[in-house]
Amino acid sequence: MLDDQFEFLLRLGDNALVLSQRLCEWVGKGPALEEDMALANTALDLLGQARLWLTLAGEVEGAGRGEDRLAHGRDAHEFRNLLIVERPNGSYADTLVRQYLFDEWHHRVLDALKRSSDGRVAAIAEKAAKEVAYHLRRSADLVVRLGDGSAESARRMQAALDELWMYTGEMFAADGVDEVMEAHGVCASVASLREEWLADVGATLAEARLAMPAPDAWMQKGGKQGRHTEHMGYLLAEMQFLQRAYPGQQW
Amino acid sequence: MVSAPAVSAAQVWAWLAEVEDPEIPVISIVDLGIVRDVRCEDEAAGGECVVTITPTYSGCPATHVIARSVVDALERRGVPGVRIETRIAPAWTTDWMSEDGRRKLREYGIAPPVGLAATQIIPVRDIGRGPARFAAHAAPVPEGLACPRCGSPKVQLTSPFGSTPCKALYRCLGCLEPFDHFKCH
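So the sequences go chain by chain: E and H. Just so we're aligned: 51 in the numbering used here is position 51 of the first sequence, and the numbers increase by one with no gaps anywhere. Just so we're aligned: 37 in the numbering used here is position 37 of the second sequence, and the numbers increase by one with no gaps anywhere.
The set of hints was computed from the structure by calculation and includes no laboratory data. Check before you lean on any hint, since a few could be wrong.
[What the hints assert, rightly or not] Here are the simulated DSSO-like cross-link-like pairs (lysine-lysine), alpha carbons at most 27 angstroms apart as the crow flies:
#1 K154/H - K104/H
#2 K183/H - K114/E
#3 K183/H - K29/E
#4 K130/E - K104/H
#5 K130/E - K183/H
#6 K183/H - K154/H
#7 K130/E - K114/E
One chain only, chain E, in its complex shape (with noise of 0.2 angstroms):
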């Protein structure tokens, strides 16, 4: 049970862990003033929010662990997050089309949590999902309006959404540490989000006039399980220089 609910705690801090790292990269050089600021105090929410999973997973785990030797201390196959999350940048339709696939799905899940019966993560849940229903109104309000903008801007996104859309499986693909979370109550099935998560994608991407792929196409699956795409290499390397280069230094 704890190796599963530390296994469920990475999960969770790693998504925002890395997907913060993706949006930092787009700091100083986003396509409008706005849209960095926007960025930045994302990838900043995100953050907060992975520091509070991975300290708690760091305690459910025992091994003297903190939240900077997870996040920096461990290679590709030792995280744990989405494959969509580590996904590169691509062009600004890339990235909001991840953000908002990624945050239906999180605002979801996150409210699910706050009825978890482990009280640590009802109350990081009910905090952090304040934040994402935040950002969920941005994404969605973009996704229509780039979607249904210019025949060129209708363009982009529609190959990021059909590019994206088999990363989108794996949200919802349960193995056994869903289901020991699950069976104690930690968090709800995480299948039985799909319908909804279906049902309100579709009804973002008609109003934005995109075609939504079909939702039993072949997906891809993995970075739950720790199978990371030849991203996630690079990725970490930026991230972790500093204390790889110079263990346990602090600022």
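Since the structure of chain E is already known, use the hints to place chain H on it.
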């Protein structure tokens, strides 16, 4: 002899009311609702003072500075031992901001939060949805939001995110000045 705290909790609260928020130095951390609890041990037990604080947003970088400022403020006044505890539940909300704090924000040029966060919770399925969602340029102006300079209620969102996680950028359509709005959260 009856043992008593080295310093009273009320005195500590008063000192903390002078500790400024590092991002918005016109408002104190007590005004912001960041200080949740103060407990002072008896002198015989060491006289340690435990201050419980809560972060505003999960990633707010000011949290670390605030903890440091609390320790500094109390040690400077001779409190023998200061310990900071961080509590995240219940989650911080702008509902805890004092009336005095709201007034100070307005005078500083930041429009304070309007309404109660607790009454503005949007059901999951409705977040960003509904008629307002697809007309973002017209929305979302919270009811009661007014320009902190001229008081005009005719304001427009320019960016949902501002210089800190807790603020959004608006523009007044009356005096045409841009301003920060401390979001209801």
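Problem - Restraint check for K183/H with K114/E, where alpha carbons must lie at most 27 angstroms apart - result: Given that 27 angstroms is the threshold and the Cα spacing comes to 23 angstroms, the pair holds.
Handout entry: Distance restraint between K130/E and K104/H, which requires alpha-carbon spacing of 27 angstroms or less
Key = 25 angstroms, holds
Practice task
Measure nothing beyond the straight line between the CA atoms of K130/E and K183/H; if it is 27 angstroms or shorter, mark the hint as holding.
Solution key: Roughly 12 angstroms between the alpha carbons, so the hint for K130/E and K183/H holds.
Problem - Given pair status - K29/E, K183/H, alpha carbons within 27 angstroms - result: 26 angstroms, holds
Practice task
For the pair supplied as a hint, K130/E and K114/E, confirm whether the alpha-carbon distance does not exceed 27 angstroms.
Solution key: Measuring from Cα to Cα gives roughly 11 angstroms; hence the hint holds.
Exercise for the section: For the pair supplied as a hint, K183/H and K154/H, confirm whether the alpha-carbon distance does not exceed 27 angstroms. Expected result: 17 angstroms, holds
Practice task
Decide if the proposed pair is consistent with the structure: K154/H and K104/H, CA atoms, cutoff 27 angstroms inclusive.
Solution key: Holds. K154/H to K104/H sits at ~22 angstroms (cutoff 27 angstroms).
The earlier numbered hints are all upheld by this structure, with none contradicted.
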